[in-house]
Amino acid sequence: MSDLFLLALQLSDSTIRLATPLVLAAMAGLFCERSGVVDIALEGKMLGAAFAAASAAAVTNSALVGLGAGILFAMALAMVHGFACITNRGDQVVSGMALNIVVAGLGPTLADAWFGQAGRTPLLGDSARFTGIDLPLAETLRPIPVLGPIYAEVISGHNILVYVAALAVPAVAWVVYRTRFGLRLRAVGENPSAVDTAGISVTAMRYKALLVTGLLCGIAGSYFSIAHSASFIRDMTAGKGYLALAALIFGKWRPVPAVMACLLFAFADAVQVRLQGVPLPLLGTIPTQAIQALPYLATVLLLAGFVGRAVAPKAIGIPYVKER
Amino acid sequence: MAGARGELPAWVNLGLLPLLNLTAAFLVAGAIVLLLGESPPEALKLLIQGAFGYEEAIGYTLYYATNFIFTGLAVAIAFHGGLFNIGGEGQAYLGGLGVALVALYLGHWPAVVVLPLAILGAALFGGIWALIPGWLQARRGSHIVITTIMFNFLAAALMTYLLVNVLIKPGQQAPETRTFAETAWLPQIHAMAAWFGLDVAASPLNAAFLIALVCCGLVWLFIWRTRWGYELRVVGQNEAAAVYGGISPARQIMIAMSLSGALAGMMALNELLGAQHRLLLGFTGGYGFVGIAVALMGRNHPVGIVLAAILFGALYQGGSDLSFDMPTISRDMVVVIQGLVILFAGALEHMFRPALAALFARPAAGAAVPP
Amino acid sequence: MAASAADPRAGLLTPLADRPPAIALSGIDKRFGPVHANKAIELAIPAGTIHGIIGENGAGKSTLMNILYGYYTADRGEIRIDGQPVKIASTQDAIAAGIGMVHQHFMLVEPFTVLENVLLGAEGGFTLKAGMAKARAELAALERDYGLEVDLDARIADLPVGIQQRVEILKALFRGARILILDEPTGVLTPQEADHLFRILRHLRDQGRTVVLITHKLREIMAATDNVSVMRQGAMVAHRRTAETTREELAELMVGRKVLLRVEKAPAKPGRTVLEVKDLVVRDANGVVRVKGVSFDVRAGEIVGIAGVAGNGQSELLEALAGIRPIERGTVTINGQPLASFGLSRPTGLGHVPEDRLRMGLLRHFSASENAILGYQDRPGYSHHGFLDLAGIVRLCRGWMRSYDVRPENTELQAQSFSGGNQQKLVLARELEHDPGLLLVGQPTRGVDIGAIEFIHKRLIAMRDAGKAVLLVSVELDEIRSLADRILVMFDGAFTGELPGGEAEERRIGLLMAGITEAAA
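Protein chains in written order, with the numbering used here: chain A, 1 to 324; chain B, 325 to 695; chain C, 696 to 1216.
Think of the hints as simulated: they come from the structure by calculation, not from any bench. Yeah, the Cβ is synthetic: ideal placement off N, Cα and C, and Gly gets one too. Hints are supplied without guarantee of correctness; some may be wrong.
[Unchecked claim] Ranges between beta-carbon positions, derived for each pair:
1. C/Ile895 - A/Tyr177: 55 to 61 Å
2. A/Asp235 - C/His1060: 36 to 42 Å
3. B/Trp433 - A/Leu297: 52 to 58 Å
4. B/Val436 - A/Asp235: 40 to 46 Å
5. C/Gly1081 - B/Leu340: 31 to 37 Å
6. C/Gly871 - B/Leu340: 48 to 54 Å
7. C/Asp1084 - B/Leu534: 26 to 32 Å
8. A/Leu275 - B/Gly339: 40 to 46 Å
9. A/Ala171 - C/Thr1212: 56 to 62 Å
10. C/Ala835 - A/Asp235: 57 to 63 Å
11. A/Leu137 - B/Gly465: 50 to 56 Å
12. A/Met79 - C/Glu943: 58 to 64 Å
13. C/Asp1084 - B/Ala517: 36 to 42 Å
14. A/Leu137 - C/Gly871: 31 to 37 Å
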């Protein structure tokens, strides 16, 4: 097997691992933002879920309980966001900011007090986290040229949450474009008055959308602490929530393009890890920071209309008030 | 928005309401302290003692407050122009670069030259880092909230690169510059007090605090007393009305963002010239984000901002004393309280309004009849 | 208000013998804070009729209908539909009771197709597929029955407003509405399109449905309704059979006193040309050409009125002349000076009362005195070295409030706290008192009470008599006819004709507004 093929396999594999939380978070953001509520708190909800999942898993020694706790906590945070933005018509950006900050402090505070381990939770054993699953026939098919190794190395061997993320994408696309909920979701972010006068509660629609956001963020956050790693550590989401938001915007608030953006960003990340200090032909050594900055720069360029144009849902950011 | 729910008397709107919001935030924080197994009243007592209980503590409190005055003013001035600048963190970081370049390369010049240049450098670099998102908003319609978030990450990447590869003091592991020449240090308050024969306990509180207060006055004058401030506020209220009134929203947006970034950048004066005396990784420590809370609490008014900045300064200083006295409560608790204050004073600011309106609203005379 | 006037049996509307009234409201009361929007409303609407509800802006018509549609809930009162008492707590309840509403501002999702819009809220299942197929068949039948042809797969954003209105009607019918409420449906239509709408409404009535038409236009009541109820200041003041009443009587009932439908004025004495427009082309915000090469002039001492259905380029024309919308082609000169030479700032000698005062003319949260210098903030008298002369500005504003009778006379009150008429007087004071040689006025009396309308009209004529050039844009035909010395009719971005003011015949203006010129007619 050539070195290049091996490199491609390794890069694809780590791209998938890195893309999983981005994809889940971007899909989460899609529900919230399509319903007309800005969500810059994807980061906070993931971080909160990561902490809740790791704590619950550490106490119960069960990955599933951990996942459940992560999801519940993220949903609770989404409900606080809803209470502030939907019920009290507060500023959506401010609310998101507040949640991000609260969670950034809360995780380490509670971890300190409960586990006494300077801002982290105890290391989890294998039963308390989601470990890699070998898909059927992975080893049997490995000898098949090209496809075999791709199946065994890239597709097989991930933890269950990776496959959940992969399934979430078609599911989200189906829900958004083919179901009653999706039609109402898209409508409420464009013209809430139309939804209201059609006999549908704008408030209830937005809360439902936020619950879905919480659910998906919960899975994404749990992935960090009980699947990808084996404990919660301070600021472990490291801006991935903002990156997912960027991917969502880059994908123009549509499921498939947003996922493509996630994969692109994750690939850039995988390359950066791989290329640290390795000189490239013609380019020389590329500073890691340059590659890290790439997704943010790309989003800025997109928003500036230099690469396509991103048109947000029309009612986004505006609290719904019946016309007087 | 307030008027639609009945106008509240000023003392309720500016005094009682923020106080209620703050109380709510502290009640929730108290609940968390309970969750940690400590006594909330005891914690509050230690916090207040740690912030104001002795001379040195007050110095530290005001030293932290200085950062928050700068970043709070930055958020406020953008807000008056109708913009939500959450890029204060990145702008402060770049402001630090401006300060450091002056201090490192011109530090051998006399203080009277270096210090004004350093202030200029801080304002210039911070201002330019904010002007780019401002320009993108004004000319290309890119949403400023998202672009300033992105610019925070870009600033972090850029500064890390510069500190690790370019500005680092040779032969050293930590990504920091060499110490600035002493001519480029801002005098500390206890040293200044000594010039007048006063004895003040030593603390990092320095002349940047006075610069911050001067900035408060200037911002107030600018926003409410000048034609330019008027034009800025018109744009912030209603862009169509601005165009109608012959005011260019694009120009005002760029002005507002430049001033906002310049103020955020000047935070670096306090940290770098006043205390650290070198440029180091992540010196902004989230102060840029706290500026949002400060501006919200202070109702975007310089007086309110000074009060809110002192509150948050006290939280910082008192919080570190508290974590020393009550080891179960870590310094991260301060971050939680900040977040709660932003939540209750910002996002949930309307929560108590209907109840207060029922109590205090004066019937709006000649109110418009709905169609 | 006489007690008998509020009696639902006054000016008795005989219900059809076999059917109870489609809608019976009794004691409906609604307050918005200090505003008493509906005062113990009594109303009975016979089934199978077209019922008009007329009243001035702010009389409470829309509030009442929004209560019926469940958009607001009444503080007190009872609603009966087809004789049965119903509780309408939400729009859903209203739809279930067989009520449909076409709002003044359409409630459509622009990026959606017609079909998706119709389906919203009536999807017929968790997935869309089955519901869509079924809806297609039903809509085809409805379209056929009522002459409401629409392409179901067209995107709303691509459809003209007249068609969008059909979609709204289809939406209501698809949900099984037996009672259809239309709120000011003709604001965006030409008189001829309005007549087409009325034919559709009559058709609906003949099929046994009940139609409620809300309007402030007397013409429509006379043309389209069987019965009419009049509202004034939140109260229901009279019910009449349309055939047995007159425009004059209705106007008097609306206002509560005799109204002069004409404004007294002397013939104009036009002087030199002040505004000269040549071959002007203007695009709107979406890049669509809305003004297609118009040329005209306005002279000192005359009022030139531009008539037309809303959305035919008048707004863009007005904004271009005011220098706040870029000019694509052509020239505009004011007192011989090209408009382009003024750059961004307001041309000297130009006053501009914008069409929508709260969108442009006033800042809601600014005090009256701060609003008094909007557009003039860079005039030398208002600031010294950049610092505003606040005391001087307050003094000035107080003087204007007195001479324009703005109430309450409080310079520190926020603009949003004044009533529509007083807000408009504030704008008018600012624009008139800076001594403009040319005054651009858009919809000067929109959402303004009758008292203020008379005041505003008198002031505009006084400006003309003082030798100023006035350009008036209004969708209120009566206003144009009574104020303008010359009338230019605008259709689809161009002038279809010029008529002398005063005696201009309504039918002729109507045809021109629909783009039908003499040659073609």
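Looking only at beta-carbon atoms, does the pair A/Leu137, C/Gly871 fall within the given range of 31 to 37 Å? Violated, at about 56 Å.
Hint says 58 to 64 Å; check whether the CB-CB distance for A/Met79 and C/Glu943 agrees. 60 Å, holds
With 36 to 42 Å as the target window, see if A/Asp235 and C/His1060 comply at their CB atoms. 39 Å, holds
C-beta pair C/Ile895, A/Tyr177: status relative to the range 55 to 61 Å that was hinted: 33 Å, violated
For the pair C/Asp1084 and B/Leu534, does the Cβ-Cβ distance stay inside 26 to 32 Å? The hinted range 26 to 32 Å holds for C/Asp1084 and B/Leu534, with Cβ atoms some 31 Å apart.
52 to 58 Å was suggested as the range; check whether the CB atoms of B/Trp433 and A/Leu297 agree with it. 36 Å, violated
Starting from the range 40 to 46 Å, see whether the pair B/Val436 and A/Asp235 falls in it by beta-carbon distance. For A/Asp235 against B/Val436, whose Cβ atoms are near 42 Å apart, the range 40 to 46 Å holds.
Does 56 to 62 Å hold as the CB distance between A/Ala171 and C/Thr1212, or does it fail? Holds: the Cβ-Cβ distance is about 59 Å, inside 56 to 62 Å.
Confirm or reject the claim that A/Leu275 and B/Gly339 have a C-beta distance inside 40 to 46 Å. 57 Å, violated
Outcome of range test on Cβ distance (C/Gly871, B/Leu340; 48 to 54 Å): Distance hint for C/Gly871, B/Leu340 holds at roughly 51 Å.
C/Ala835 versus A/Asp235 beta-carbon gap, inside 57 to 63 Å or not: Holds, since C/Ala835 and A/Asp235 (Cβ atoms, about 59 Å apart) stay within the stated range.
Distance restraint evaluation - A/Leu137, B/Gly465, Cβ atoms, bounds 50 to 56 Å: For A/Leu137 and B/Gly465 the Cβ distance comes to about 52 Å; the hint holds.
Consistency with the previously given hints fails for numbers 1, 3, 8 and 14, ordered from lowest to highest.
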